[in-house]
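Novice: Protein chains in written order, with our numbering: chain A, 1 to 293; chain B, 294 to 900.
Just to be clear, a hint being listed does not mean it is correct.
Unchecked claim - Pairs of lysine to aspartate or glutamate residues, derived as DMTMM-like cross-links and limited to a Cα-Cα distance of at most 25 Å, are as follows: (1) K334/B / D214/A; (2) K333/B / E97/A; (3) K333/B / D233/A; (4) K333/B / D238/A; (5) K334/B / D256/A; (6) K334/B / E97/A; (7) K333/B / D190/A; (8) K334/B / D94/A; (9) K333/B / D257/A; (10) K334/B / D60/A; (11) K248/A / E336/B; (12) K157/A / E323/B; (13) K334/B / E129/A; (14) K333/B / D245/A.
To be verified - Sample of chain A residues at the chain B side, in silico, Cβ under 7 Å: (15) S92; (16) F95; (17) L186; (18) R223; (19) V224; (20) R225; (21) L227; (22) D228; (23) S229; (24) D233; (25) R235; (26) D236; (27) L246; (28) Y247; (29) T250; (30) L251.
As the list claims (entries may be wrong) - Computed spacing ranges between beta-carbons, pair by pair: (31) E139/A / K333/B: 40 to 48 Å; (32) E139/A / Q320/B: 54 to 62 Å; (33) D233/A / L881/B: 39 to 47 Å; (34) Y200/A / K333/B: 25 to 33 Å; (35) F885/B / R252/A: 35 to 43 Å; (36) T240/A / I373/B: 24 to 32 Å; (37) P418/B / D233/A: 54 to 62 Å.
For the record, the hints were derived by calculation from the structure and aren't laboratory data.
No residue lacks a Cβ here, since even glycine has one placed at the ideal position from N, Cα and C.
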Amino acid sequence: MSGTLFDEGFMSKLENMSLHFKNAVNSVYTGGRRSKSHGSTVEFSDFREYTPGDDYRRIDWNAYARFEKFFIKLYLDEKQLHTRILLDTSKSMDFGEPNKGFLAKRLAAAFAYMAIGSLDRASIYSVSEHMEHVCSGIEGRNAFYKSLERLAAVPFKGESRLFECVKDIRNIYRGDGAAIIISDLLTDSDYKAMIDYLLYYKQQIILVHILSPDELNPQYSGRVRLLDSEGNDYRDLDITPRTLDLYKRTLRSFMDDIASFCAKRGVYLLQISSDESLESILLGKGHSLGIIS
Amino acid sequence: MSFINPWGLISFISIPILIVLYILKQQHSEHVVSSTYLWKKTEMFMQASTPWQKLRKNLLFFLQLLMLLFLSLAISRPVILSEALDEDFIVIIDTSASMRAEDVSPNRFEYSKKEILRLVNGLLPGQKMSLIEAGNTVTLLVSRSDNKQVLREALEKLECGYSDANIDGAYSLADSIIKESNTSKVILYSDKDYEDSGNLSIVNVAKSRENVAITQATAAYVDDSYTVMSTVVNYGSDKSVTLELYVDDRLVDAKTVLCEKEKPVHTYWRNISQEAGFVKIKITEKDVLPIDNEAYAVLSKNERQKILLVSEESYFIEKVLQAIGNFDIYKTTKDKAESQKGFDLYIYDGFVPSSFQNDGNVWVINPTRSFLGLSLGDLIKGSALDSVETFSGKALSTYIDAANIYLARFWAVTSHNDWEVAMKCGELPAIVTRTTESSQQFIALLFNISETNLPLLKEFPVLVQNMLTYTMPSLLDGDVKFVSGEHIEIRALPNAQKVEVTSPKNVKTTVAPPFPPRGYEATVPGLYHIRQEVRRGEDNIKVNEGYFTVSIPGNESALLSKGHSLDIGESTNQKVKGAIELWPYLLLLVIFIGMTEWWVYYRGNQL
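Isolated chain B, as found in the complex:
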């Protein structure tokens, strides 16, 4: 047993004080009697008739002594530690979306916080606790502190997230703390099925997995209208649920579907107006995790983007763009190219204009001369491409294997100031990118597509799509989905003046200026609105609007998803259940003894 408030032991001084008071109180009024012979017999008679009578006055004293003893103990706040919690320890709290489940009151996260608060209150003097938040990112909230106020405040400020939990990262952090200090205990509050191992103790706060979730909501533009599909998964026992469809926040339909355990149910709604901006699908029945009962799908605007293609020989590019679709492609010749304006994307193939328009992004394929700081040498023999670990390199090589692409010839670059290499051939750049101060983006392919094997490869349309994604602001185009906690790169349109994002909770965040826009961290699931003001001409400001959706990770809806095996530190097979404070029990005992003392006193006076 240990004491949280050892200073309270000073109150034990009241016990000798009581004894002294009792001794002083033992004054009797003295009377001389002829003989105590009969009184002795009376005393014996009293003891015979009420055996405890002799002890009665002493009994009162002992009861009062016990009351003081227990009261002093209660003031000292004794705790019983269930096995080795008298050392420093680390608490990891899972802040993933599933911790919002309300199968325990008020929810798993708040329940865990309460439990941790009990641990904080039970900290012994000098005992230190570290607090780690395991959410999308791992945060060391408090490092080895014995300051209960600091720990309480950190807990109070802590909020549950909407993403999954990086438990591994939290473990790595805990492991490093263990190595640096004498801490050897780690307690994880989570709802995942991890197993105790080594110095790790798991407090699983999950009780139920009765949850129905909308795991997917998508919209496709088919025959001049949209078709919306939702996927519902029931992780609990079989039940029917009602799905409501809202178009631009207006309820338009409701369907009841039978959901068998863990079998995805797909539901379709057709002929949704092409004028609509978004749809919302909602499960009306309540379950333990409400946040996955709604899902949004963004309907892309009917505004098609315009591409100017200046080429005389790039048959391949044109075909791929047509295959991808959703664009208005305009073709022109080199001599008319310089006067064309008002396009979202300018593609110059085998031609470099004397000046570039600044209202759209630019692709230059097979440049014939140096431009914008990109100095070209001679055409040299090429080989296989190799992607580069730059931002644009990663963006353009998504889903493709650059090593499959062979170049017959390419332009040897002598200098490429301000240009970022996305792919290279040997040691020389083959594909480069550039973003100007006015957010205008350039991609330069330093080879003739017809002198490569690209048209024969499946990588070709993928590469073109990647290039479109990179240079066309994808957030305003199409069904854009993100998972909570994901870092969203927002690209400003060329000549954008202001970029603003409004969250589902109606919080507006200006992500630009300054340009380029900083990334956006979308956490709350729901529909986000993005708004860009783009200068078109001297006084013409065009507003581009769109939506993107954020949902919780799919595995969070499963509620009892299996965690993987965790191991940390040396295995000692120790269990931690926490400290039990004894003062409430001691106070109850004091009250009981007080009542007994009163009863004995009252009964004694009656006799």
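Chain A extracted, bound-state conformation:
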């Protein structure tokens, strides 16, 4: 399965990519990212006056000689970021040519790989009617490769209930983190509430909105019955050029609304089509967005 998600060539390209978030992290785990707290690295950060209880070994004697006051030398602390990848595995994701779900899984794997490459921890969750851990706390490449198989085996089924499931994420309140949501957002569930919820818990968010070419540019005509893949719902429509035009206007409005919301909340947004290549998404849109370097 890992072979189908990634080929060797792309894996080598991923080696050189890393995820970037604009804010420093605050985590209990030591990792590869600068923390807002001062730590024990060799990288100088600042001075402060000595107060009783400080480690006297950190007193800067040169400064004492100059100012006759005890100053403590402070160094930057490096923390580990927990990147949570929320993969929408509702039935609607298993659709389109090329398949949205397949691209979504590849993206999830790519983001996880980049995360562990930055000495972060990565977790992948499948989100549909319930949330399930696909692979939790991946650290190191061996663990990643093992998790790829589990990721490939995740089925697409049921309806998408993003917000309800996100509330089930345990330990999300423990320190800063990153959440990467990969979904088509074709759900009545309130994705905005979900994002607000994650932001409340100081999560940095990347939203990958994925749609298939059929959804972006439907080709139906005449009297059709459109059956919802997620349930028993259907729509009887008389598809005319005007109907298609109205659909596209609805879609544009929908996507604009997502973009507007994300911009207001400082959420990175990647709006992609399932016929785009992984390289062009990450190296193109991801790079231009500044989340991948």
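We have chain A; now place chain B onto it with these hints.
Specialist: What follows is chain B alone, placed relative to chain A:
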């Protein structure tokens, strides 16, 4: 609302068929999509931008449903009955001459027929109509029939007359139908000013009375020539009219006269040749009733009739005949009487010849013996005369009161085979008549005129004139006028072989043989020609010709003459205006809905 063609309601079955077809047609091509989330939003957007869009496909269905509904209704031919026309009814149509007026198109009569035809077409199943023609005579054309074809044919055959209308008679007939059936409605189509009453509804078809009529045309023989007088009455607004005079169909003069409303205008033409047969007076201006714009006057032939008077004492008869004039009177004595021939009338007073000549009619006054089946008894004392309701009785007692005539004595008749009693004295005949198989007419006065008060009475010349009229064929003598529809008694001359009448439309009718001639019904106004072939001797056939005129009744020219009050049946104050058929309106609606449906469909495809 009722239906003329209830079987048409079967077509309503097409409505469920359409619904089934629509349900079957609702097949869609199915496509699985990832989510209908965006399509739902699109639908909402569509409804917001074109609110009726959601209904569009249903709208087409409903429009088609409405089309079928109205079409099925139209096939069923619904009618709205304006008040109680769902029962049997009687239609009376006035066929009088005034119904020929052309103030409505094409004329009042044809207009009425069209209206009645609409009623016939609007008849409901089982509903019955009776049709009565009110002309000179009343005819029940169709009695309580629901067969529209029969009613239509009766209407089609119906023609307008030239006489007046016997509306009362039509009412009596209608009344009897009402009493015998549950019919309670009578609709009269007329141009007279009757008023609605009881169950009667009047449809007055008259619109105008702009009519000028020649009401009279007469000719008098004065100083070896004829003077013709015409009377013109204008029933409309004041106007001048031109009168043309035709003598024997040749135009000889024209006069323009001013006719004030309802004031008779008399116009005279003098010095008309005595050789002429008839004159025609014509109004050149057109008006609503053309048939009274012509009138004829017959000029009597110069051939004077001959009367042989055999009398030694009848001074009174001779004087009266001379006073009446227009005869050549020959007198002779009893001994020479039997050899005299070639007279139109033989008068034997106080004398009965041994045999009668057969070339003329005969009066026998104060017979002295029995003759031709008339057996005389003794002379008895008489009293006042009394007229008898026989044909000759009516003819001889016209304009006289027989009770004024007293007889001192008269001959008591013991038997009078083949003789008809015209007047009697007490229980015995006083004046008798007889017509032989050869049309020879006899009048016998069974008393001596000098033994009566007749010479002192004004009735005397009238009685003699009546006797002359009875025995002299009046149709060939003088200005003879009849009114359309009048029954004309035609009397054949003694020894007449053939009597023929030619109408203004050049239709020849042989009224005799057989003799006596049957009556003639003259309807068409105009000049009639009468021709009698009379045998005079073994091989000598003499042809007697003459004219008579027929005109429409004077009140018909007035066009809006007032009808009298009519009452029929129980008063229910119901009005009948007729049935209104709805199918033309329904078809219009179907066409409109069809166009709307096409527009909706076309517009939907454009969107």
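Novice: Give a verdict on every hint.
Specialist: Here's how the hints hold up against the structure:
For the hint pairing K334/B with D214/A, the CA-to-CA distance comes to about 17 Å; that is within 25 Å, so the pair holds. For the given pair, K333/B sits about 22 Å from E97/A by alpha-carbon distance, which is consistent with the 25 Å threshold. Distance hint between K333/B and D233/A is fulfilled; the C-alpha atoms sit about 10 Å from each other, no more than 25 Å. About 13 Å separates the Cα atoms of K333/B and D238/A, which keeps this hinted pair within 25 Å; it holds.
Restraint check for K334/B and D256/A: satisfied, since their Cα atoms lie roughly 15 Å apart, inside the 25 Å limit. A distance of roughly 23 Å separates the Cα atoms of K334/B and E97/A; the hinted pair therefore holds under the 25 Å criterion. Among the hinted pairs, K333/B with D190/A is consistent with the structure: their alpha-carbon atoms are about 16 Å apart, no more than 25 Å. Our distance criterion of 25 Å between C-alpha atoms is met by K334/B and D94/A, whose separation comes to about 22 Å.
Our distance criterion of 25 Å between C-alpha atoms is met by K333/B and D257/A, whose separation comes to about 17 Å. For the hint linking K334/B to D60/A, the alpha-carbon distance of about 67 Å lies beyond 25 Å, and the restraint is violated. Proximity of K248/A to E336/B is assessed by CA-CA distance (about 12 Å); at most 25 Å being required, the pair is judged to hold. Restraint check for K157/A and E323/B: satisfied, since their Cα atoms lie roughly 21 Å apart, inside the 25 Å limit.
For the proposed pair K334/B and E129/A, the alpha carbon gap of about 22 Å is at most 25 Å, so the pair holds. Between K333/B and D245/A the CA atoms are separated by roughly 14 Å; this keeps the pair inside 25 Å, and the hint holds. With a cut of 7 Å, the hint placing S92/A at the interface with chain B holds, because the nearest CB-to-CB distance is about 4 Å. The interface hint given for F95/A is met, as the beta carbon of that residue sits about 4 Å from the closest beta carbon of chain B, less than 7 Å.
Hint status for L186/A: holds, given a least beta-carbon distance of 4 Å to chain B, under 7 Å. About 5 Å separates the beta-carbon of R223/A from the nearest beta-carbon of chain B, less than 7 Å, and the hint is met. The criterion of a C-beta within 7 Å of any C-beta in chain B is met by V224/A, whose closest approach is roughly 5 Å, and the hint holds. At a threshold of 7 Å, the smallest CB-CB gap from R225/A to chain B is about 4 Å, leaving the interface hint in force.
Interface restraint check: L227/A against chain B, minimum CB-CB distance 5 Å, threshold 7 Å, status holds. Checking D228/A against chain B: minimum C-beta separation of about 4 Å stays under 7 Å; hint holds. Taken as an interface hint, S229/A checks out: its beta carbon lies about 5 Å from the nearest beta carbon of chain B, inside 7 Å. A hinted interface residue such as D233/A counts as satisfied when its beta carbon comes closer than 7 Å to some beta carbon of chain B; here the least separation is about 5 Å, so the hint holds.
Using the Cβ-Cβ criterion of 7 Å, the hint placing R235/A at the interface with chain B is satisfied: the shortest such distance is roughly 5 Å. Checking D236/A against chain B: minimum C-beta separation of about 6 Å stays under 7 Å; hint holds. The beta carbon of L246/A is positioned within 7 Å of a beta carbon in chain B (closest approach about 5 Å), and the interface hint is therefore held. This hint holds: Y247/A has a C-beta 5 Å from the nearest C-beta of chain B, less than the 7 Å allowed.
Checking T250/A against chain B: minimum C-beta separation of about 5 Å stays under 7 Å; hint holds. For L251/A, the interface hint holds, the least distance from its beta-carbon to any beta-carbon of chain B being 6 Å, beneath 7 Å. Remark: the range hint 40 to 48 Å for E139/A to K333/B is upheld by a beta-carbon distance near 43 Å. Range check, E139/A to Q320/B: Cβ separation about 57 Å, and the 54 to 62 Å hint holds.
Separated by about 45 Å at the C-beta atoms, D233/A and L881/B satisfy the suggested range of 39 to 47 Å. Range check, Y200/A to K333/B: Cβ separation about 30 Å, and the 25 to 33 Å hint holds. F885/B and R252/A have their C-beta atoms about 41 Å apart, which keeps the hinted 35 to 43 Å range intact. Roughly 44 Å separates the CB atoms of T240/A and I373/B, a value that falls outside the hinted 24 to 32 Å.
Distance hint check: the CB atoms of P418/B and D233/A are about 56 Å apart, consistent with the given range 54 to 62 Å.
In summary, the numbered hints that this structure violates are 10, 36.
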